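Take the sequences, apply the hints, and build the full model.
Protein chains: 2
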Amino acid sequence: MRATTIHAPGDIRFEEVPDPRIEAPTDAIVKVVAGCICGSDLWPYRGHNDIDAGSTIGHECVGVVEEVGADVKDVRVGDFVVVPFCHSDNTCVHCRAGVQSACTGLGFTTSGQGEYARVTQADGSLVATDGMPHEKLIPSLLALTDVMATGWHAAVAAGVRPGGTAVVVGDGAVGLCGVLAASQMGAGRVIAMSRHESRQEIARAFGASDVVAERGEEGEAIIAELTQGVGADAVLECVGTDGAMKTAFAVARPGSTVGFVGVPHGVELPVRRMFQKNVGLAGGMAPVRRYLPDLLERVLSGAIDPGRVFDLTLPMAEAAEGYRAMDERRATKVLLQP
Amino acid sequence: MRATTIHAPGDIRFEEVPDPRIEAPTDAIVKVVAGCICGSDLWPYRGHNDIDAGSTIGHECVGVVEEVGADVKDVRVGDFVVVPFCHSDNTCVHCRAGVQSACTGLGFTTSGQGEYARVTQADGSLVATDGMPHEKLIPSLLALTDVMATGWHAAVAAGVRPGGTAVVVGDGAVGLCGVLAASQMGAGRVIAMSRHESRQEIARAFGASDVVAERGEEGEAIIAELTQGVGADAVLECVGTDGAMKTAFAVARPGSTVGFVGVPHGVELPVRRMFQKNVGLAGGMAPVRRYLPDLLERVLSGAIDPGRVFDLTLPMAEAAEGYRAMDERRATKVLLQP
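Note that the protein sequences, when read in sequence, are chains A and B. Mind the numbering: the first sequence is residues -19 to 318 in the working numbering, read in order. Mind the numbering: the second sequence is residues -19 to 318 in the working numbering, read in order.
Source of the hints: derived by calculation from the structure; they are not laboratory data. Be aware that one or more of the hints could be misleading.
One copy or two, it doesn't matter: identical chains are merged, so the pair holds either way.
[Stated by the list, open to error] When the alpha-carbon atoms are kept at most 25 Å apart in a straight line, the in silico SDA-like pairs for lysine to any residue are as follows:
| no. | residue 1 | residue 2 |
| --- | --- | --- |
| 1 | Lys53 | Lys116 |
| 2 | Lys226 | Pro250 |
| 3 | Lys226 | Ala77 |
| 4 | Lys226 | Val73 |
| 5 | Lys11 | Asp51 |
| 6 | Lys226 | Thr84 |
| 7 | Lys116 | Gln180 |
| 8 | Lys226 | Gly246 |
| 9 | Lys116 | Ala4 |
If you're wondering where the values come from, they're calculated on a predicted model, not measured in any experiment.
This is how it looks when you write it as structure tokens:
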């Protein structure tokens, strides 16, 4: 098949690779209908993560089941499925506790920007729709495989409550989905930190009541003012850098929790401040499968349209341009079609 | 008055200092009936914290109200009172949210190992008993001013639930009180990490079902075995060192929370592990006043006897020996009488 590969920082190709195949009886092969580029794909692209030269890249996709292993019972060939970026059996001790991202048989989508993807633990991972969804729903369904579930996880981890004030640090696709999640959970005020006009617009459409364009201490001071010096009831950290984390803790009120979902890079947690202010930290890699049935229902009912985060659609063959566009912030999130 | 002072690392004296006096109309002066030495007093004693040479030391005491400021309404001269180590008005936005340790008018007891102590925000801070308590209750009432409330806070922050497994890292007075708290909250299994026989005995009396004497990776491996490889449902970190924190995160199951109450010294939080395993951190300086009415009731009813953590009683004039005894681990916690 043809798939997107990474050879070195900045070196993205779309080329022939071996077809993925059933390796365990619990596997399924999905023919990709749509894949996309994640903000976290930019870490290796920018040289911040190690690269296995020539390996496929991409952990988000939706598609149609092409083949299943002998032990797969619930998913059938021909089903349209949402593929969580992390695969889980949904029956182990950690899955039963709602932490599917720590499944004892954890797997990951590794060729979501290719023509086919192998899904391990297919029965536990995949969620099928009733028949083929309308084409216009594809972007929102694709968003459920990672960014929407991840933003939702940030809001859950931060303890967003009806009527409370939530601050979202980060205006990437996950941050924007965090705004949508906090809004869906009934936060009385959702403050989005965003410098980019196009993203501010999506944030407002997703329910942000306030947008703060300033960063660092300047932005923190504005949020202090907006919250009468108290701080936010819940903070969603959706970036993963030290600066974002510092801002998250600076704007969190005593006794609150920072929900973090950005893969941490160079983060040093302010443990003394956490201690003095009783500000906790919760979150991590999102247990996508836990939220998927609920989020799917919200998409199908039209309650949420997280697909709005996609502002560029390209053929997979032009994946390299998609990476450039995201790297240069010309695009928030890029959808790739095979 | 005479009070315990610190002049340099290892240099503890009991000497004449100026009497504390009413400085604000919300202040009260308490004649100390019993004070004690806290594990955190050992930080400056050992030279790990800055010292203001000649300053009084000691933040835990119970006693009788000697004098009150003009605005004090609820506390009366002659009342026997439990003095939370941190003073709070109990009415500000943070107090109302249950984070009295972040009160906008936060104060601290500073001469709890002396004959008199000034208490700011007296109405919001002090909790009086009905009449003079029996002498045998004094140690347990004294424990409520810090260590018992702090251990309780660790258990609350860690989210101890009925039937769950709790691990307590640290067998100082706070750790032992954490065992008692987890047990009171109905944890099905309380695993105390303790190397010292006398402390193991108290831990068992406080409800520990298991005692693990091993530390570091060895101790972590034993707890992994005790929890069938799953990890603990809740972990109480009651030390404040990097090693204790590492162990706490190593034994916490995915999706659980480490409740931390040890003042952090040299702690580097394992943010990548926290992310990958979805293990959160919550806690900090205990909002003693929040828990005090409930804990006082438990002491008076005989449900808890946290005073058992005191294993050495000395006259205040021998405070220096008390510090030595705790520094050399000859005593778990030292009660000082004026």
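Results for each hint:
no.	hint	result
1	Lys53 x Lys116	neither (29 Å within a copy, 67 Å between copies)
2	Lys226 x Pro250	both (7 Å within a copy, 16 Å between copies)
3	Lys226 x Ala77	between (30 Å within a copy, 23 Å between copies)
4	Lys226 x Val73	between (34 Å within a copy, 23 Å between copies)
5	Lys11 x Asp51	within (19 Å within a copy, 75 Å between copies)
6	Lys226 x Thr84	between (33 Å within a copy, 22 Å between copies)
7	Lys116 x Gln180	within (23 Å within a copy, 64 Å between copies)
8	Lys226 x Gly246	both (12 Å within a copy, 18 Å between copies)
9	Lys116 x Ala4	neither (34 Å within a copy, 67 Å between copies)
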